[in-house]
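Per the numbering used here: the sequence shown ends with 160, consecutive numbering throughout.
Hints are not guaranteed to be accurate.
[What the hints assert, rightly or not] Below, in silico cross-link-like pairs of lysine-lysine (BS3-like), each with a Cα-Cα straight-line distance of 27 Å or less:
1. LYS94 with LYS32
2. LYS145 with LYS118
3. LYS137 with LYS118
[Said to hold, decoys possible] Pair ranges (Cβ atoms, derived):
4. CYS64 with ASP84: 19 to 25 Å
5. LYS32 with SER116: 18 to 24 Å
6. ASP36 with ILE104: 30 to 36 Å
7. ALA109 with ASN23: 34 to 40 Å
These are calculated hints, taken from the structure and not from any lab test. Small disclaimer: the values here were computed from a predicted structure and weren't measured. The beta carbon of each residue, even a glycine, is placed where N, CA and C say it ideally should be.
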Amino acid sequence: MSLKKENMQHPDILNLFRVSSRNYGDGRSVIKMAQDMGLQHERSLNNKLNANSDHAHLSLYDACNILQLSQDVTPLRAMAYLVDHMVMPLPESKSSQDVLAHFIDVFTACAGVGESVKAAMDKNSELGNELSRNERKTSLELVDKLIEASVAFRQALLVE
């Protein structure tokens with residue numbers, strides 16, 4: 001299995017911050033974002049979000065403000081991708097027992113999917129040929145749930 005890795009550059013990430021800023025307000029400009037960040041002029045934020053600008057650059061503080069106000073994790077995911085990492089939401093707060101029960105339920109559900117994937121990888125089968133589109137979708141959903149449940153379980157173990 002190979003993952004197609006796109007070449008993400010810093011100006012592309014800056015553009016993602018620009019899109020997040022525009023979507024925060026009316027979807028056309030960064031006026032609302034600039035106001036809520038306490039900036040005097042919309043133009044100063046536009047300049048900071050312009051990859052071609054030599055005199056204004058987006059600071060880490062401003063980038064964090066944009067992430068927090070917009071609640072758009074797309075720029076953060078792109079930044080994590082630069083260093084081969086990923087971003088995922090924190091699990092909802094639950095008791096340790098609830099987290100463990102959820103982890104076991106998800107892990108058990110994944111076992112059945114694992115068997116179908118194993119059969120598809122048999123030497124008499126091409127990789128993935130026996131998996132239908134629905135099986136692939138189900139597998140992806142369960143893998144995402146397993147990752148989230150594993151992170152929640154890990155956090156619960158660290159707390160105790």
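TODO: May I ask you to test the hint 19 to 25 Å on the CB atoms belonging to CYS64 and ASP84?
DONE: 22 Å, holds
- [ ] For the range 34 to 40 Å, tell me whether the beta carbons of ALA109 and ASN23 fit it or not.
- [x] Since the Cβ atoms of ALA109 and ASN23 sit about 35 Å apart, the hinted range of 34 to 40 Å holds.
Task: Pairwise beta carbon distance, LYS32 to SER116, judged against the given window 18 to 24 Å - done: At 48 Å between Cβs, range violated.
Open item on the list: Checking one constraint from the list: CA of LYS145 to CA of LYS118, max 27 Å. Satisfied?
Closed with: Given pair LYS145, LYS118 holds - Cα atoms ~20 Å apart, limit 27 Å.
Open item on the list: Taking the Cβ atom of ASP36 and the Cβ atom of ILE104, is their distance within the range 30 to 36 Å?
Closed with: Violated, since ASP36 and ILE104 (Cβ atoms, about 43 Å apart) do not stay within the stated range.
- [ ] Below or equal to 27 Å on CA atoms is what counts here, so check LYS137 against LYS118.
- [x] Satisfied, since the Cα-Cα distance of roughly 16 Å is no more than 27 Å.
Task: Pairwise hint evaluation, LYS32 against LYS94, where the allowed Cα distance is 27 Å at most - done: 36 Å, violated
In terms of the numbered hints stated before, the structure departs from hints 1, 5, 6, listed from lowest to highest.
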